[in-house]
Amino acid sequence: MKKLLLASVLLIFLALGCVGNEERKETKLQVNQGLGVINVYSPPDFTPKTTGTFSITVRNNLEGFYAKNVIATLENVRPFKIFDCGEENDPLKTRSCSGSYELDKGLLVSQHGVKMLAPGQEIIFTWYLVAPSSEEIANIALEHPLYYLVEYDYAETVSQNIVMIHEKEYQRIIQSNESLPVGTSFSSAGELRVYTKTPQPIRYQFFDSAVPITLIFELKNEGSGYPVSDVLLVAQLPKGIGSTESTEAHGWYSYKDFNEDCYNGSAEIDCKEWLEEMFKDYDFSKGNFLIKKLDHALNFQDVFVYLPVEVTQEEISKLKSSNTLSKTYPFSLYIVYRYATEGKTYIKVYPLGE
Amino acid sequence: MSFFKKIKSDLGKKREPAEKPTEEKEMIEELEKELEQPKKTDWTKIVLFVVGIIVAIVVIIFIALPWISRSGAGWSISQGISGIFSTYSFRKLIYELTHPFEVTPEESEVEENPYKQQTMEGIRVELQVYQNEIPYGNPFAIGIKIKNLGSKDVKRVDIEFANPHNPAFGFTYQPTKCIDISEMKCSGATVEYQGEFGGNYTYVMHVDNIPAGSEKDIICTNLILDEKCRPPEGVSNAKLTHVLSVRGVTYYVSNARLPIEVIDSDYAQTLMKNGKFYTVAQVATAEIGAPLKINLNTLADQPLIDTIGQTSVMVGYEVPASGKLATKGGKNKFPILLITTEKSPIDMGKPTMFGEGCIMDGKVATEYPTKSCCFEGELYWGCEICDNDLSDACKYGLIRDLRKEIENYSDEAAQVLETYCQLANSNKKHVCFNTLLRQEFKGYVIPNIKVPDINTKRETFYITVTAIYPYASESSAQIYGIATR
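Sequence order for the protein chains is H and V. Take the first sequence: its letters are residues 1 to 354, numbered as in this note's numbering. Take the second sequence: its letters are residues 355 to 839, numbered as in this note's numbering.
With the rest of the complex left out, here is chain H:
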């Protein structure tokens, strides 16, 4: 009897475990973070001329994309030194050996780098700091600010449904006091947040001409750092939507015709190569893509981007022939940029025991 009871309880546990839906959520980072420093470790106190491990744990947001060319830098290290390549080094010295991380070679000893971090992946960057001598700190306890900077290439996607309804349907909804439909949106994690400010629903009538619409996006830097590069925007237009003469006037070009370089924070590189590197699984050569470059000198605290497009005449004709009074158009936006985020901690040296 008891065995039967135990078996049935276990069975219930297992059965319930198999039928539910688990919603996985990023537990350590917010949606407005691409990479985040989730842990900083430094020795509690240094004594003069001792070596201690300083490390930061960097995590890529599970809800984000691959981060690439991730470089972590310690700033304001002096008067501390860094033990690397088997010797004490000035923090601004270029590394003489291959180092411990993929991209270490050729970087400063105060820097570490890896090629990429997958969503949800964590990595610990470690430095071996050598404390200054008692003489250097004038025999006074030193509390020294240390900054850690993480720079990386990042990508984001934004999906936005734009709802269009016929004027007749619009009037019916108003008169019947129903709520107007508004398209939903979804975006991946990242520091640059995109908000759609396009007034919805967009109204149309069955005329024999295209219906011009202007999509409005608000781009906000909501991360703790700042973009160091140009920001590349690619808009994917759904079927039935096309560009107009005004589109190019607002800096949007056909993907095929676009041939510009982008500043990636340190050098000018081919924008399209950069985009394709960041979105490896995407084929931008197929489909209706528009591309726009935002200069890195812009103030990314609040940038409005306008994308004038039109519902084509053919599309209106199709809607008319099928007497469609409401339709949702899915727009996608792809964003690429390089971002830098900075954190601060203090390291202490007590003039004891040298």
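Heads up, some of the hints might be wrong.
[Said to hold, decoys possible] Here are the simulated DSSO-like pairs of lysine-lysine, each with C-alpha atoms no more than 30 Å apart in a straight line:
id: 1; chain 1: H; residue 1: K220; chain 2: H; residue 2: K168
id: 2; chain 1: V; residue 1: K627; chain 2: H; residue 2: K292
id: 3; chain 1: H; residue 1: K49; chain 2: V; residue 2: K509
id: 4; chain 1: H; residue 1: K68; chain 2: V; residue 2: K811
id: 5; chain 1: V; residue 1: K509; chain 2: H; residue 2: K68
id: 6; chain 1: H; residue 1: K327; chain 2: H; residue 2: K292
id: 7; chain 1: H; residue 1: K49; chain 2: V; residue 2: K811
id: 8; chain 1: V; residue 1: K509; chain 2: H; residue 2: K93
id: 9; chain 1: H; residue 1: K292; chain 2: V; residue 2: K509
id: 10; chain 1: H; residue 1: K105; chain 2: V; residue 2: K509
id: 11; chain 1: H; residue 1: K348; chain 2: V; residue 2: K811
[Unchecked claim] Derived DEER-like restraints, expressed as beta-carbon distance ranges:
id: 12; chain 1: H; residue 1: L62; chain 2: V; residue 2: G567; range: 53 to 61 Å
id: 13; chain 1: H; residue 1: Y41; chain 2: V; residue 2: N563; range: 52 to 60 Å
id: 14; chain 1: V; residue 1: T661; chain 2: H; residue 2: S285; range: 45 to 53 Å
id: 15; chain 1: V; residue 1: T661; chain 2: H; residue 2: E143; range: 52 to 60 Å
id: 16; chain 1: V; residue 1: I408; chain 2: H; residue 2: D90; range: 57 to 65 Å
id: 17; chain 1: V; residue 1: A516; chain 2: H; residue 2: T345; range: 50 to 58 Å
id: 18; chain 1: H; residue 1: I174; chain 2: V; residue 2: Q623; range: 49 to 57 Å
If you're looking for bench data, these hints aren't it; they were derived computationally from the structure. Ideal Cβ placement from N, Cα and C applies to all residues, glycine included.
Add chain V to chain H, keeping to what the hints say.
Leaving out everything else, chain V in the frame of chain H:
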């Protein structure tokens, strides 16, 4: 028999058990016997049961529930339960149950760093008089205790009598100079000078090596209350008061440091553009462990932007210890010597720092009119030695002589002078010496600190102010002269 006793007696009779049939009686007896026998506890079963329960809980908590959670399905209740068990509070509870006598790491106090226990004290001299009432003309003895209450070892302390005996004075009553020390003999100290000096009889001795926290005793005998101080006849029964004072002097070094945080101008602009540029007021750190505390202040919030930033630093001091700053006797007497430098890792070069030279009491010293005095081994108040002059001064002038003298008292002070001279000679660091008269010292300003162009995003350099100063502790005692003849 009272009424109540009678009722009680009747009630007792009614409760007597009635006769029972024999079989029933036997059964009852058997049952009673069984009940009387002590119960045998089956501990094996109990242990097995408890172990089984624990194993079941462990299996559910640590194997089944996490497996269920990870199985891709996620059952909300199981998640909830496993969530509860994996919470910090639960883990803390388990930790406390398994470590009943330990303090959890969160609650334990951070171990006090011994550096923080250092005091702002120095040496303290205590005069001990064994006999308060002393007849005129009779010898007596005193004790001098030298305590090192600071946290720095003291290499040498000079002991001198603060009110030296003046054998030349006439009959006039001088209660502070009546103790004749010309025949005095002291044990526990080395006599440095004994004889007349400037019309007074002086006795200077020194004690070597007093480690921090320790003390040394000197016993002096053959002190005599000078007959000349005896009151005239007619007041023979009066008890006159005489004061004896001793003073211990040694050199100390105190440091203070102010961080100057610099940010690259391009980087600052980027941060400003993105609303991420923040400034804070910086706080100076003073060394604890010596009797003088240097205060440094700057008005500018930091970080300062390189190439355009500029600030001034105000220097002041206080003596929280029981003693006071002294004027050391001899040729190179000075009350305080301040040395300022930037101990930056950056080689800023001379023109960027202290552009206007040193300042004393708020007046900019654009020229050095007293420069020559510094090279003759004489030091006057306010004499400044800056920039290149310092290296010469180290070789020939004041600093050389000073170092020679200071070497006897404090290895640290001598080392500081040596180091700063080396820095000045190498021209890698900007060093400024300034001697300050204690009475006039109201504030010292390091002006126009121009921030250098840095080749990294952020860099912190430190302005360090070092003071080398003689410090004195004085102790007095009253002695009553007995005029009995």
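Q | Contradicted hints - numbers only | A | 1, 5, 8, 9, 10, 13, 15
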